[in-house]
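So the protein sequences, as listed, match chains A and W. For what it's worth, the numbering used here labels the leading residue of the first sequence as 1, then goes sequentially. For what it's worth, the numbering used here labels the leading residue of the second sequence as 1, then goes sequentially.
In short, the hints are calculated from the structure, not lab data. One thing to keep in mind: the hints can contain errors.
Here are a few chain A residues that sit away from chain W, every Cβ distance over 12 Å (derived from the structure) [to be verified]: (1) Glu38; (2) Arg100; (3) Leu101.
For the chain W half of the interface with chain A, some residues (derived, Cβ under 7 Å), not all of them [unchecked claim]: (4) Ala17; (5) Ile26; (6) Trp105; (7) Gly126.
For each residue, glycine too, the CB sits at the ideal point set by N, CA and C.
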Amino acid sequence: MGALTLNHFVVLSAILFVTGLFCVLTRRNAIGILMGIELILNSANVNYVAFARYGATPYDGQVFAIFVIMLAAAEAAVGLAIVLGIYQGFETIEVEATDRLRG
Amino acid sequence: MITAVFYALAAFTVVSAVAVVVTTNIVHSAMALMGALLGVAAVFVLLGADFVGIVQLLVYVGGILVLTLFAVMLTSRTDVQISNRGVGRLPAAVISVGLLAYLLWAGTRATWATQEVGPPVPSVAGIGNAFLTDYILPFEVASLVLLVTLIGAVVVSRKEVKG
Numbered sequence: 001m002g003a004l005t006l007n008h009f010v011v012l013s014a015i016l017f018v019t020g021l022f023c024v025l026t027r028r029n030a031i032g033i034l035m036g037i038e039l040i041l042n043s044a045n046v047n048y049v050a051f052a053r054y055g056a057t058p059y060d061g062q063v064f065a066i067f068v069i070m071l072a073a074a075e076a077a078v079g080l081a082i083v084l085g086i087y088q089g090f091e092t093i094e095v096e097a098t099d100r101l102r103g
Numbered sequence: 001m002i003t004a005v006f007y008a009l010a011a012f013t014v015v016s017a018v019a020v021v022v023t024t025n026i027v028h029s030a031m032a033l034m035g036a037l038l039g040v041a042a043v044f045v046l047l048g049a050d051f052v053g054i055v056q057l058l059v060y061v062g063g064i065l066v067l068t069l070f071a072v073m074l075t076s077r078t079d080v081q082i083s084n085r086g087v088g089r090l091p092a093a094v095i096s097v098g099l100l101a102y103l104l105w106a107g108t109r110a111t112w113a114t115q116e117v118g119p120p121v122p123s124v125a126g127i128g129n130a131f132l133t134d135y136i137l138p139f140e141v142a143s144l145v146l147l148v149t150l151i152g153a154v155v156v157s158r159k160e161v162k163g
């Protein structure tokens, strides 16, 4: 089966990224789009931690991954608050139906 | 042995991530997302990043996912079944598969400057030192960002009082 190399993690990260991208491109539900963004952020984190493991500096990548997780939490909080605000105005969260800026 | 563990974790993660995309019921999507996040946390631990794995569990699975489920419950109307239906799958599939092929080609072709990896060591002390020396400014800015997020989320999502 061979030893575990950096390429294994790069391939896993690429698959996760593409899955998340497909989710963002095809979803009509705003919460589904946010889920796709979470997948994309996770794929970036896999790369950060893998390169921290196999590179010269052991902690820089992990620190960046923690910053990404923190910003993902902030993004999810604000994003879902916006989704709730949209729902109050439009009675739906399908992104194709929300085409007015002024309520 | 560790390679077999990696393949098992990777298969679990990828299957869960695909399930997030293909299921039409958004509650099922959220549950599949939990599987994907758990798989990524396990991959972090496999990479010797124990602290990042725990943070992933606490923040993603314990926080973001619960928040997402709350938003699903608050916004879904009678028909949850079709609430997650996708549109334009063919062009999106073409873009995604093309990008995947390119990423795999570029990722496996590149030669990375990798080091010999030793056994994993506890990472908490090293991360703490990094946060309080090299990354002290981003660390402080991060707390400011979280404060702004807290206030912003409350302001955006509150009911508007018409006066």
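Evaluated hints:
1. Glu38: Glutamate 38(A) not clear of chain W: closest Cβ-Cβ about 7 Å, inside 12 Å.
2. Arg100: Fine: 16 Å to the nearest Cβ keeps arginine 100(A) off the interface.
3. Leu101: At roughly 15 Å from the nearest Cβ of chain W, leucine 101(A) sits farther out than 12 Å, so the non-interface label holds.
4. Ala17: holds, 4 Å
5. Ile26: holds, 6 Å
6. Trp105: violated, 10 Å
7. Gly126: Holds. Min distance 5 Å.
Consistency with the previously given hints fails for numbers 1, 6, ordered from lowest to highest.
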